[in-house]
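Starting from the given sequences, assemble the full structure and let the hints guide the process.
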Amino acid sequence: MAELEITNLRKVFGDEDETIVAVDDLSLDIEDGEFVILVGPSGCGKSTTLRCIAGLEEPTSGDVRLAGQSLLDKRPSNRDIAMVFQNYALYPHMTAFGNMAFSLEMGTDLPRDEIRRRVEDAAELLEISELLEQRPGELSGGQQQRVALGRAIVREPEVFLLDEPLSNLDAKLRSSMRAELQELQNQLGVTTIYVTHDQTEAMTMGDRIAILNQGKLQQFGTPLECYHEPNNQFVAGFIGSPSMNFLEMAYTDGVLDNGHVQYHAPQSLLDHIPPNTSNLVVGIRPEHIETNADPGDQNVINVVIEVVEPMGDRTILYTSIGEEPIIISSAEEEIIEEGSEIPIHFPPDKMHLFDRTSGESLRAYERASPLAEVK
Amino acid sequence: MAARFNLESLPSWRIVAIHVILMTAAILAIAPFVYAFLTSIKPSPEILGAPLQPITPNPTIEHYITFWTEHPFDRWVLNSLILTTGAVFASLLLDSLAGFALAKGEFRGRYGIFLLVIGTFIIPPQAIMVPLFVQMGWIGWQNTYWGIMILIISAPFGVFLMRQFYLSISDSYLEAARMAGANTFQIYFKIILPMGKSALAALAIFKFIFMWGAFLWPLIIVDSGAMFPIPVGLGLFEGQYGDTPWGQVLAASLLTAAPVLVAYILAQEAFMKGIALQGGVKG
Amino acid sequence: MLAELQANIKTIHARIDDTSWDAFTNPDSELAWYVLVGPKLFLFLTIFVFPFFFAIWMSIHEWHMLAAEHQFLGLDNYTRMLVDSRFIDSFVNTVIYTLGLTLSVPIALFLAILINKNIRGSAFYSAAIFVPVVISWVVVSLIWMWIYNPDIGMLNALLEAVGLPTSQWTRGVRTALPSLIIIGIWKTVGFNLVIFLAGLRGLPESYYEAATVAGANSWQKFRYITMPLLKPTTFFVVLVVLITAFREFTPMFVITDGGPVTATHTIVYYFYIVGFERGQMGYASAMAVVLLIVVFVISIIQQRTWGQDVDY
Amino acid sequence: MTAAVLVAAYLLSLGEQGHNEPILGGVITFTAVGLGLIWISYVNREFTGMSKVRILGFMMLVMAVVSYLWPHRPWPTAV
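Protein chains in written order, with our numbering: chain C, 1 to 375; chain E, 1 to 283; chain Y, 1 to 312; chain R, 1 to 79.
It should be emphasised that the hints constitute simulated quantities derived from the structure, not laboratory data. Hints may be right or wrong, so weigh each one.
[Claimed, not checked] Once the Cα atoms are required to be at most 35 Å apart in a straight line, the calculated DSBU-like pairs of lysine-lysine come out as: (1) K221(Y) x K117(Y); (2) K273(E) x K52(R); (3) K74(C) x K273(E); (4) K273(E) x K197(E); (5) K52(R) x K197(E); (6) K350(C) x K74(C); (7) K231(Y) x K273(E); (8) K197(E) x K117(Y); (9) K350(C) x K216(C); (10) K117(Y) x K231(Y); (11) K172(C) x K216(C); (12) K221(Y) x K273(E); (13) K117(Y) x K273(E); (14) K74(C) x K172(C); (15) K231(Y) x K221(Y); (16) K197(E) x K231(Y).
Just so we're clear, the structure is a prediction, and the values are computed from it rather than from any experiment.
Here it is, written out as structure tokens:
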């Protein structure tokens, strides 16, 4: 079948004087029919990776193989890959039909009526049959998005590449298109690589997500794996919203200390700290911080709430420990007032520990066991 | 975007003043043509005798007829038509091809060629007319349409304009076409050419005005009355007489201006845009 | 060893196949781009670049139109210009004419600002003022020639009617060049106006709103917002006016024939007379080179003094 | 080689004044432009308004015939 293997992909831009490593030794094995999200901040190399797969860029080294065959010496049009561009790249002078038929007319020898059949089928699937004679200028953003998808679908490719396809839509349309895209991908069963910088899209849409930073792969796993077991501090901070709180702490004799608070770590936590490690970063997700702690507990921290943002289902509280800002996402219904002092508590089983120099994860929090099996 | 001013903030006397100034400017711009037309339908004695009488009681088209029958005006019109057709079409083709390559192509020497375009910009065409005249002699192109056209066709302006326009087209259009399996020529014909229609129209108008009004180079390269474009025919015709037949001169001038004027009235916006684009291009 | 050789040959063959004559089929071929840019490049080289050097070469030779041999002269053609009073007159006239035509810039800016106030009919006004731009120089020259005619022209008739003194206009030694300057301004105002309008329309409205809130009057808005922001446009307009005016030919040829005497000789006019009527192409080429240098220097000076912060 | 030079010389001489009555240069120009426009109008479905281009193309061909049939008359020579 059509697994896509990316091995040691490397792409360097620029000349001898000044080089930028866009993609650095990236390897991904993508299974047939899988929906993979490439996510990361802008400039992390995710688009470059996509363009190397599409054949729009030539990798400096490494290989891209589809069903065991290298794609590198094939032209973009012969790779059995279709791509949806961020700005859709719909030709303004062609009708929706013309746009969708264009690649079949250019790249294949299909007879006219076969082309028409394929375009009409795709249009029906996307519910744009009545828009086929209109030009992109007459279509709304969502409709253009569908035409762009249709243009990829008619080629019946082995792999879909989607480059931030939802970024030009308004928020409401975006969330409905997310579900629709997922359903479409399920229906077609085509291997799909989806590039985005939006971690919500990453979390909700993909079978697996590959998180990139500065050209390097940080983690490749299911959304829940990345959420619960981040490989490193970057992944931990990137996934989840609001993002994880980090505190730099020194470790001595069972006590974590950052100069303002002391945390008496239980043994379950201490086991994960390698010997001779004294500098740690402690991470805790805003939704895991407890605000109704028992004031008698020795690990309770009293903080002053600076800003309160009620969201309805939960409340976002902004505070700080020393210089470090701390965000708390509280599901409690009781109303906390700005300026009030409350005791908070970091449950030890939900704490993450990271090596301060390398950022590598020392301990992910222990989670309910069934999740570990999801892959 | 536009820096529009609030109308209400202007006192009415200022609006009136603005109208008066602009109306005066507009009248000054158009009056010579109107008056030339009114004169061209006057009988000759009135032209000489009553310059200030605006409208003649006895309109006549005798000057138009005389001019047309005594001079090969029809042939000059045909010459001008041939020249503008050929020059406009060839310019659009060559400029859009080269502009496309310079805007979107990836090939060695692209930057050097672009520098050459910029460089030829500052060469005034007059400065190379003498050697070009000699060169045209070498290949037997003196007294040919090709000799006249080639200088207008070669001008760098169009390449620059088209390149500038194509730069504004997102690369993803070309990449999408590449992925669809189109080669460079198909991309040019199916994507680039249709998407650049507005810039092509502006360039066409620009070249049309330029070729239709070209004077010095045709005057140099052509010495047969049969090959004159209208401006040269007209310009030399006036000099032939000691006593200029003004009725005929004005009639012929207006006949020459008529196609451009009609085109201008029909596509006034496009004309101004075509010229203004030059401003947008900035040198 | 042999296997390696065969493999090498195979890769070489593959490479030859890749780069062979497939500009029309291979989408990635560099050759295709050369085919696209080739024709225009050829024209540039033969119609601009080669004649450019050819002109320089001709200018250091005695080159008569009909002569078969061309004697080397060195810089004689250039030194000859310095003592040729007709050339000096031409040069001076060209400078005066060019400077005179820059008057069209403030006029155009003034009209553009008025039109930009978007009073009713402003589209008509700009369209009307633009008409002279699209009409060819020969037609314009002939019509103005008649207007200026001292005996039967309407201008003198008008002046007489309102009791003002008349003039010889293009036939007077002193008045000929100013008369041509008036035509030049009349013909270029529309062009400059349209470019200024485009520039004004591109100015962000928020600046003006901010200034209004700050209590600036119209003059202050013009002085502190419009003028600085319009500097690149003004730079461009002045440059175009200088360069086109410097090589004007048609009105001098059609209306005055360079006269009376040398009153309206300009560089290009005299260049035409020398090169194509007298056939002294070497000398004419020397003038062409001077023209080229002057136009080049104008561009440079413009760039240096005005254009430092102009984004090319 | 000489054949190529002769062909080139002949091609360059097309449309020259000596060959110019009937107006060969006009015939060539109008035919080329007309055929070009008609070709584009058939090849490029992506353009809008192709029928107009086609009409223009055929008008160019008509102009080619017109220039071929243009009446001969003595033309004035240089002034």
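Quiz item: Is the Cα-Cα distance between K117(Y) and K273(E) 35 Å or less?
Solution: holds (20 Å)
Quiz prompt | Pair hint K350(C) and K74(C), alpha-carbon separation not exceeding 35 Å | solution = Since the Cα atoms of K350(C) and K74(C) sit roughly 49 Å apart, the hinted pair is violated (cutoff 35 Å).
Quiz item: Regarding the pair K74(C) and K172(C), is the alpha-carbon distance no greater than 35 Å?
Solution: Roughly 39 Å separates the two Cα atoms, so the pair is violated.
Quiz item: Hey, K197(E) versus K117(Y), does the alpha-carbon distance stay inside 35 Å?
Solution: Between K197(E) and K117(Y) the Cα gap is close to 31 Å, so the pair holds against 35 Å.
Quiz item: Is the hinted pair K273(E) and K197(E) satisfied, with a Cα-Cα distance of at most 35 Å?
Solution: Distance ~13 Å between K273(E) and K197(E) Cα, so the pair holds.
Self-check item: 35 Å Cα cutoff - pair K350(C), K216(C)
Solution: Status holds; Cα separation ~27 Å.
Quiz item: Within 35 Å, alpha carbon to alpha carbon, are K221(Y) and K273(E)?
Solution: Holds, because 27 Å separates the two Cα atoms, which is no more than 35 Å.
Quiz item: Would the pair K273(E) and K52(R) pass a check requiring their Cα atoms to be no farther apart than 35 Å?
Solution: holds (22 Å)
Self-check item: Agreement of K197(E) and K231(Y) with the hint, judged by alpha carbon distance not exceeding 35 Å
Solution: holds (31 Å)
Exercise. Mind checking the alpha carbons of K231(Y) and K273(E) for me, to see if they're no more than 35 Å apart?
Key: holds (21 Å)
Quiz item: Does the structure keep K74(C) and K273(E) at a Cα separation of 35 Å or less?
Solution: Not OK: K74(C) and K273(E) at ~44 Å, beyond 35 Å, violated.
Quiz item: Under the criterion that the straight-line Cα-Cα distance not exceed 35 Å, is the pair K221(Y), K117(Y) satisfied?
Solution: The hint holds at about 13 Å.
Taken one by one, the earlier hints fail for this structure at numbers 3, 6 and 14, listed in ascending order.
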